[in-house]
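S.K.: Read top to bottom, the protein sequences are chains A, B and C.
Here my numbering = 1-based position in the first sequence + 74.
Here my numbering = 1-based position in the second sequence + 168.
Here my numbering = 1-based position in the third sequence + 47.
Bear in mind the hints are in silico, worked out from the structure with no lab data behind them.
Fair warning: there could be bad hints in the mix.
[To be verified] Calculated pairs, BS3-like style, for lysine-lysine (alpha carbon to alpha carbon, straight line, at most 30 Å):
| # | chain 1 | residue 1 | chain 2 | residue 2 |
| --- | --- | --- | --- | --- |
| 1 | A | K415 | B | K216 |
| 2 | B | K216 | A | K361 |
| 3 | B | K216 | A | K457 |
| 4 | A | K220 | B | K216 |
| 5 | A | K253 | B | K216 |
| 6 | A | K506 | B | K216 |
| 7 | A | K533 | B | K216 |
| 8 | B | K216 | A | K528 |
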Amino acid sequence: MPEHALPSVGRRRFLTLSAAGLAVAGLPRPSHAQARRSGELVAGLSERMLTLDPANHYSISSTSVHRHMFDPLVDVTNDSKFVPALAESWRPVNNTTWRFTLRKGVTFHDGTPFNADSVVFTLRRVKENTKLIKSFVYQDLDSVEKDGDHAVVVTSKRPFGSLPAHLTMLGMLPPSAGKNEEAFFQKPIGTGPFRFVSWTHGDNIVLSANPRYWKPGQPRVEKLTFRFIPELSTRAAALRAGEIHVIDRVTPDLVETLKGSRGVKVFDVPAVEAQRWIFQLGKEPVKDQRLRQAISLAVDRNVIIKELLLGYGRPVDSPVPPGLIGHTSLPPKVYDPEKAKQILKQAGYTNVSIDFVLMKDFYPKQLEITQAVAAMLGEVGIKVNIKNLEIATAREQRSAGTYDMFYSGWAHMPHDPDWYFGQWFTKAGSEKLTRYNNPRVEQLIAEGRVPDPKVRQAKYEELERILWDEEPEIWLCYTVAIYGVSDRLRNFEARRDYYVLLGDVSIA
Amino acid sequence: MSAAAAWPERRAPLLRLSPPALVGGALLALVVLASVLAPLLSASDPLKPSFSRRLAPPWGLGGTAAHVLGTDNLGRDILARLLHGGRLSLALAATSVLLAAGAGILVGVVAGSAGERLDALLMRVADVQLAFPVIMLAIAIVAVVGTSPAALVGVLALSGWVLYARTVRASVLTIRRLEYVEAAYTLGATDLRIIARHILPNTIAPILVIGSSQFATMVLLESGLSFLGMGIQAPRPSWGLMLAEGRDYLSNAWWLATIPGVAISLVVLGANLLGDGLRDLLDPRG
Amino acid sequence: MRTYVVRRLWQSALTLVGVSVLVFVILRVVPGDPAKMLLPEGAPQSAIEELNRQLGLQEPLYVQYGLFVQSVFRGDFGQSFQYRAPALQVVTERLMATVQLALAAMLITVGVGVSLGIVAAVRRGTGYDYASTVLAVLGQSLPNFWLGIMLILLFGVALRWLPTSGFESWRHLILPAVTLAAFPMALVARLTRSSMLEILGRDFIRTGRAKGLAERAVILRHALRNAAVPLLTVLGLQIGTLLGGAVITESVFAWPGMGKLVVDAIFFRDFPVVQTVLILSATLFVVINLLVDLLYTVIDPRIRYS
C-alpha cells in the first residue's frame, strides 16, 4: 500500500476500495481498513521506565514504551525477521559499511521532516556521548555520513554485521534535540504512533495518538497509558478488576487464576531468552570441566520445566534461541545422576561444596529453582550454598570472582547473538564475569561479525558445538513470556522479546 | 511513703497473674514447646522438595492428612517448616529484644540520670541512627558482614533500642523530680540505690509493654528483611522467609503466607497478654 | 528556656552534619557499583569504568563530599543516577503522595488507636477490653503486605468497591492508609491503655474524684494529659516509619511515595537520591523531635530543663 496515497484519497472511498479489495483477497480480518481511533488503553508493566531518551537505557520496559513515541530505522517481527521501519531498505556495501535508504514523507510530531540529518545526529550522538548507556555498543562506528537527504552510509572499524539488529532498539531523534537536550527530554518528540503527554517518574506515562503516523491504520486508540506496577499480585489484581488492559511478566502459577477471571485472557509465547547458570571458570573446583559435566548431568531440567515452571519453558538445543541467526539443533543435555556420581568419583570429588549466587528477585522463580537444583546436586554428593544477595552486591561478587555458580540469563533484545557471544565468550568481555578463554571460539566470534548471514551461521554453528562440549554454562531452558490481556483488546500480539507493543491494538 | 512499700511483694507471683495473662503465658509456652519439639511433632523433612506435591491445600480445604497444613511452592510440608522455622524466628526475636532492651534501658537510665551533656550526646546518637531507615542500615551491615543470624540479630536490635531508651529516659526524668525521691537524696541515698529502688520499678511497666510488642515487631522485621534478601537464607525455614515465599501466591495459594501469619499472631497475642499481666502484677499502685 | 532552645538547635545542626557525612561515606564504602546497575549485563568493563568516571565516582572521598556540600548550598542535590533528572526534583515529586499517605495513616492511628485504648482502659476486664486487645494484636502481627494484598483482593477485585492501586483520587488513599496505620494504631492503642491504667490509679486522680468532679471529666482531662508523654514518644518515632518506612505498603499499592523511592535508590546505588532523601528526612525528623521535646515541657511541667 503506497504510503503517499493515503492523504489524497477520501476516507469513505478508501474504505469502500479496501472493503472491495479485502473481499477479493479473502482476508479474515480487515486490519488496515479502519483508520478511525477510539478508546483508551492502559498497560501495567513490571519494570519502571527510567528515562525518555532511547539511547540512555537497556531496559525492556523502557524499550516497550519508547517504541510508541519513537521509530527506529529497522523493526524486528515476532519471528525475528528484520523489516523496514524508518529505513526502507539497507544493505552491506562491504564488510565494514552499511547503507540505509530512508523512508520519505515521514514527519516528527512537531511537523519537521524526518531525513538523513536525523539519522546522522542520532548515531553520532550515541557514539560520542559516552555517558549514554547505549554508547558502548556504537564505539565501533567510524563514520556516519549522509548521502543526499534520504540515505545514510555508516562505516565501522571492525565488521559490524549486527548493526541493523542493534538499530531496532534506537529511536530516531530530531536534530533539534541537540540544541538543549535536557529541555528536549522533558517533552520529547519522535516519529512514532503516539506523542508524549506526561510522565510521573516511577509511576506512569501518558501518550496520545499521533494522527499523522506514517504507518496506515496505526494507532487505533486515542490515549495510551503505561503504569509501572512491580508487585505481581497488585498488577494482576488491577487487570482482574478491569482497571488495566495488559500486564506483562505473568508467572506460571498465576495463569490459572487469570484464566478463571472474568474478562481476562492469557497469552503465552516461547521467548528469545534463556535462563542459564554461569560458572567461575577461573576458580577451583568449577574450573574443572568434569565437575561441570557432572553438575549438568545431575540436574533434571525437564522436571524443573514441568513442575516448577508448569510447562512454561522449552528445552534448550543450542545457546541461541530458535529464530535467531546461529540457531542450530544440538543433542539435548540428558539427566543421568548415576553417571554424574561416577564422574565425580573418578575425578576424586568427594566433599564438594559450591556457592550459588543469585541476584535477588531478578528472574522469576529463580529461588525456587535454585533450591530444587541444590536438592538434586545434594543427591550426587555436591553441597550447594545458596546466596540470595541484593543485585549490587551480587554483581560485585561476580566481578571479584567470589562465586562458583551464578544465576543469570540472557534475553536477545536485538534478536542477534553477536552481543551475547562477544560479551561472554571472549577473553576481554568475560574478564570480570566468567573468565572464559578459548582462542578458537574468540576467533570464530570475530569471523562471525561480517554481514553475510551464511558466513555468520556457519561460524556460529561451529562455535556452539565447542561450547556445547565445554559446558562453560548450564542452559536451563528458554523461557516463555506470559501476558494477561483484557478480552476487550483486539489484535494483541504476545511478543517473544517481552516487549509490550500496542500500536496495532484496539479496544472494544 | 517508705521505701519498703514501694518495692513489690514477691510472694508466689505466678499465682497472682490474672486469667488472661495465664492464657497468654500458656500460649507462648505452647508455641515455644512446639518449636523445640519440632522433629518429634513432624516427620516430614522441612528442606526436601517434592515436585509432585506442590501447593497442596491444608487438610479440610481440599488437602490430605499427610500434610495437615498443606505444602508450599516446592512441595515441602508446611507444618514441618512452621515448627522448624519457629525455632529460628523465636530465638532470633527473643535475642534481639533482650539485646535491644538491655542496651536501651542502659542508655535511657544513663541519659536520664546523668548530666546534661551526656544526655544530649546520647540522644543525638539516637537521633542520627534513627534518621536512617532500618533497611539502609541492614543493607550496609549485610553488605559488609554477610548474611548470618548474628548480623540479623544485630540489625534487629539496632532497630529497637531507641524506644526503650527514650521511654526510660522520660520516666526517669519525671520520677527524679518527685518529692519522695528528692527526700531520699537528702537522706544520703546514692544514685545507684535511687535507680534500683525507685526508678526501675516504675519503668518496668512500660518496658514490659514495649518488650512484648517488640517481640512481634522483631518477627515481622525479620520478614521484611527476608524479602530484601537480608534475612535468613533459603532453604532454611524461618517464619519471615515463609511469609516472603508466600507473597506471590496470595491469589492462588493463600495458606503459604497466612499460616506463618497466624503463628505470628498467636505469639503476639500470647506475648501481649502475658506482658499486660506482668505489668498489672508489678505495678506497686495496682 | 531560651538557652535550651538555642542549644537544641545547635545540636540538631550537628546531627544533620553527622547524618550527611555518614550517608555519604556508607554509600561509597559499601560494595556496589552504580555503573554496574545502570549498564546492562552485557556491558564491557571499559564502559563500566567510563560511566563511573562520568558520574564523578573516581574522585577521592573528601573531594566528592566537598563538591557535594558546595552544591547543596546552591540548592543542587546532584542528578539522580537512575532518572538523569535533578535528585531534588525526583524526591519532591514524591512529597505530595508521601504526605497524604502519612497524614491519612496518622489520622487513623491516633483516632482509632487512642479510642480503642481509652475504651479498653475504662472498661477494663470486660468484653470491650478483650476485643480491643484482639484488634490490637491483629494490627500488630498481620504483615503489611498480607493485609494490603488481602484488602486489594477483597475490596478491589471481588467487590470492586475501591481501586486496587495507584495514586489518583481520594478513594485510592483508603486502602493504603488503612494498611499502613494497622501497626502503629495497635501500638498506640496498647500504650494508651497501659498509660491510662497506670494513671487512673494514681493519687491525684483519686483526689480529683474526691472533689466530686464528674468521672468523665476526671478521665479525659487528667489521665489523657498525663498519658500523653509516652504517647508522644511513640508518635514521634512512628513518624519516621510513616514517612520513610512505608516501602512495603507503597510497593503493594504502587503508591509513588518516598519510602519506595529510597529503597529502590539504595538497591540501585543511586547515591544522589539516597543522600537527598536521607538529609531531608533527617531534617524533618530533627525538627519534629525538637518540637516533641518542647511539648514535653508544656504538657508536664515537672520535666524542667535548667
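S.K.: Between B:K216 and A:K528, does the CA-CA distance stay at or below 30 Å?
M.R.: 49 Å, violated
S.K.: So if I understand the rule, the pair passes when the alpha-carbon distance is 30 Å or less; does B:K216 with A:K361 pass?
M.R.: 29 Å, holds
S.K.: Next pair to validate is A:K220 with B:K216; report whether the Cα-Cα distance is within 30 Å.
M.R.: Between A:K220 and B:K216 the Cα gap is close to 64 Å, so the pair fails against 30 Å, i.e. violated.
S.K.: Compare the distance between the alpha carbons of B:K216 and A:K457 with 30 Å, and conclude whether the hinted pair is satisfied.
M.R.: Status holds; Cα separation ~14 Å.
S.K.: Are the Cα atoms of A:K415 and B:K216 separated by 30 Å or less?
M.R.: The given pair, whose Cα atoms are some 20 Å apart, holds under the 30 Å limit.
S.K.: Check the hint pairing A:K533 with B:K216 against an upper bound of 30 Å on the C-alpha distance.
M.R.: Cα-Cα ~44 Å, so violated.
S.K.: Run the distance test for A:K253 versus B:K216: straight-line Cα separation, threshold 30 Å.
M.R.: With Cα atoms ~62 Å apart, A:K253 and B:K216 exceed 30 Å; violated.
S.K.: Against the 30 Å threshold, does the CA-CA distance of A:K506 and B:K216 hold or violate the hint?
M.R.: Distance ~35 Å between A:K506 and B:K216 Cα, so the pair is violated.
Taken one by one, the earlier hints fail for this structure at numbers 4, 5, 6, 7 and 8, listed in ascending order.
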